[in-house]
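Trainee: If you want the building blocks of each chain, they are given just below.
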Amino acid sequence: MKSLKTVLATGVAVLALAGVAIAQEKPRVAFVPQLIGIPYFNSMEAGGQKAAEEFGVEFIYTGPVDANPIDQLQIVQNLVNQGVEAISISTIDASAIAPVVAEAKAKGLKLFTSDSDAPDSGRDVYVAQASDQGLGETLIDQLVSRIGEDAKIGFVSGDATSSNLNAWIKIIQDRVAEKYPNVTLLEPQFAGGSSDRAAQLASDLMTANPDLKGLIAVASSTCPGVGQAIETAGKIGEVLGTGYCSPNTARSYIESGAMGFTVLWDPAALGYLTVWAGKQLIDGKPFEASNTVPGLDQPIPYDAATGILLLGDPTVFTKDNVGNFDF
Amino acid sequence: MLAKLAQRIGGRELTLLAAVVAAAVVFASLSPVFLHPNNVYAIIRNSTELMLIGLGLTFVLAIGGIDVSVGMILGIAAIAIGNLLLAGVDPWLAALAGPLVGLALGAFSGTVIVLGRIPAIVATIGLLGVYRTTIFALLGGSWLSGLPSSLSEIFAARIAGVIPTSYIVIVVAYAAAFVVLRRTPFGLHLLAVGNAEERARLSGVAVRKVRIAAYMVSGALCGIAATFYIANYRNVEMTVGSTVALDAIAAVVLGGTSILGGKASLLGTALGVLLIRMLQNGFTIVGLPSLWQPVVTGVLLLLALTLERAAVAGLFRRLGGLVAARRTA
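Chains as they are written, first to last, in full-length UniProt numbering: chain A, 1 to 327; chain B, 1 to 329.
Everything labelled a hint here was simulated from the structure, so no lab data went into it.
Treat each hint with caution, since some may be false.
Said to hold, decoys possible - Computed spacing ranges between beta-carbons, pair by pair:
hint	chain 1	residue 1	chain 2	residue 2	range
1	B	T184	A	S256	29 to 35 Å
2	B	L305	A	S256	53 to 59 Å
3	A	V316	B	E153	30 to 36 Å
4	B	V286	A	G237	24 to 30 Å
5	A	G237	B	I159	45 to 51 Å
6	A	A98	B	T134	35 to 41 Å
7	A	D313	B	G140	54 to 60 Å
8	A	N68	B	A175	57 to 63 Å
9	B	G116	A	G56	38 to 44 Å
10	B	L305	A	I70	46 to 52 Å
11	A	E238	B	W292	24 to 30 Å
12	B	T165	A	N182	37 to 43 Å
13	B	A175	A	N321	50 to 56 Å
To be verified - Chain B stretches covered by chain A per the calculated footprint, using a threshold of three residues with CB under 8 Å from any CB of chain A:
hint	region
14	32-40
15	52-61
Every residue, glycine too, gets a C-beta built ideally from N, C-alpha and C.
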């Protein structure tokens, strides 16, 4: 009996010590991208790493290898099981993450979205790259200003379940309905993550619509395919490619003229802001209407009604400035 | 006449040919641009890689094997070619790197399967993971994008307006494969191993060597496909080759090569590839959402496996009988 008490006492003491040891470790902020290994998310990773050093947290970067929502959910589930204090996700399937958000809440963990939202999931905050509104409108306004208001335009998107891609398409469609009555938008085509499929779809769209004037690569993974298809079809000058493409991915197509411009934001800054937001959540500090983030120049607005923390206006990359960026 | 032709070419091939023609007629009646030379060129060009990978898989299926990692072999070979082009290596030399890398990977896969005594489906799922991670590591998170167009100038040029020059290589490859399969001891051994491995072994066939060789042939053809992939698309992204295996296996099985081994049809494979690519193209042209395309490939694969032998053979026996009856009448 006595020995059992000793064992219990020792056990409690060990646990207490372990507890102290854990408490002394840095809090962890995880980011789960839609897929790993693409330049865009690598850049977010680099920004997140920088913020982690700046704000004294441990940064975990892990994600699926092929933009599969089920794999992504499993990875998030693992992080929740490990008790990672703050977990951010670039959501692939917005309808799938609500249960895991509830589970994280029950464990006292912070689960939030970044880069791609799941608005009805109960997430703590959404760290937005630029408002979807701003991205959609900037792209279609820039495109129409270059190819004219009397134009037929096609979309080549990635996965049909990506909520951010679908949101941009919807905003472009609404903008056209409201502002550009003579623009015809074709039904979006979905290439998944494969750039040869994107090239095939782009070339098929150009064949089916000889009067096509613009082609929008909605997912970054479809950018090389769209640019390449326009070059191969010999349609530079007839069809103008554009899309949400990183400067490195689109550089050669912007230089050849297959792509007139691309619209995006700086993913490194987005990764940085994501980790900062995670740290704020862990510390229990509320977001202000306008936040000063050490390391970012511009003030960061927060909309309490929608729970969105906004990085800023999108950037338009053209022949003139594409050389200044490396991501 | 028809019955003789059917016997000579094979029922499955004629069914496929009829399906290709029927699909073309339907699409052409729905869209005026379907038969435009540029679109015909697009279909044929988009079939390039699949023609070669399907040919290689025909060898693998003939021995009763399978390889779901073919897309990844294409990817690794494409990265090698791309990096050589970027380093300024002569395009002809860079093009040679493709088949060499593919051959090496095929030899590796074959050795793992045969010497490890692992069922091919399990082994190649494992290798798929290994090769895919290799692609990640090789690309290091940045796509090869905007590669020099030197290979495109060689292989994407057109013959008669609709056929890319890469098809010279494809025709030679199919002819060589035909000779190997039908006129050499190796071809006979391949089919014998696929039919009844134990009996082949007892008859003195070097079963292991034959099986490894089949994977080497497939690997090398994936490597040649990679050369054309670079010529066509001039970039390699992280997800390279992710849809290749399903399309290629569906094409080969559609073509009448048995998934159980022992039976190979080269003409069937080529027609199967053409049918799949034509359906994918036609659906986009007539405005069907591209979401449905993998469903179509999947359903075709299931149909082919269900119809395997019985129904098709029966149909053509009757058709043949009908023609013969009319001639005697």
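Trainee: Please go over all the hints and tell whether each is borne out by the structure.
Mentor: Comparing the hints with the structure gives:
1. T184(B) / S256(A): 29 to 35 Å: Hint violated: Cβ distance 47 Å, outside 29 to 35 Å.
2. L305(B) / S256(A): 53 to 59 Å: 45 Å, violated
3. V316(A) / E153(B): 30 to 36 Å: At 33 Å between Cβs, range holds.
4. V286(B) / G237(A): 24 to 30 Å: For G237(A) against V286(B), whose Cβ atoms are near 28 Å apart, the range 24 to 30 Å holds.
5. G237(A) / I159(B): 45 to 51 Å: Violated: the Cβ-Cβ distance is about 26 Å, outside 45 to 51 Å.
6. A98(A) / T134(B): 35 to 41 Å: 36 Å, holds
7. D313(A) / G140(B): 54 to 60 Å: Once the Cβ atoms are compared, 31 Å apart, the range 54 to 60 Å for G140(B) and D313(A) is violated.
8. N68(A) / A175(B): 57 to 63 Å: Hint violated: Cβ distance 41 Å, outside 57 to 63 Å.
9. G116(B) / G56(A): 38 to 44 Å: 48 Å, violated
10. L305(B) / I70(A): 46 to 52 Å: Cβ of L305(B) to Cβ of I70(A): about 26 Å, so the range 46 to 52 Å is violated.
11. E238(A) / W292(B): 24 to 30 Å: 29 Å, holds
12. T165(B) / N182(A): 37 to 43 Å: Between T165(B) and N182(A), where Cβ atoms are some 42 Å apart, the hint holds.
13. A175(B) / N321(A): 50 to 56 Å: 52 Å, holds
14. 32-40: holds (count 4)
15. 52-61: Our answer is that it is violated, as 0 residues pass the Cβ test (under 8 Å) against chain A, missing three.
This entry does not satisfy hints 1, 2, 5, 7, 8, 9, 10 and 15, going by the numbered hints stated previously.
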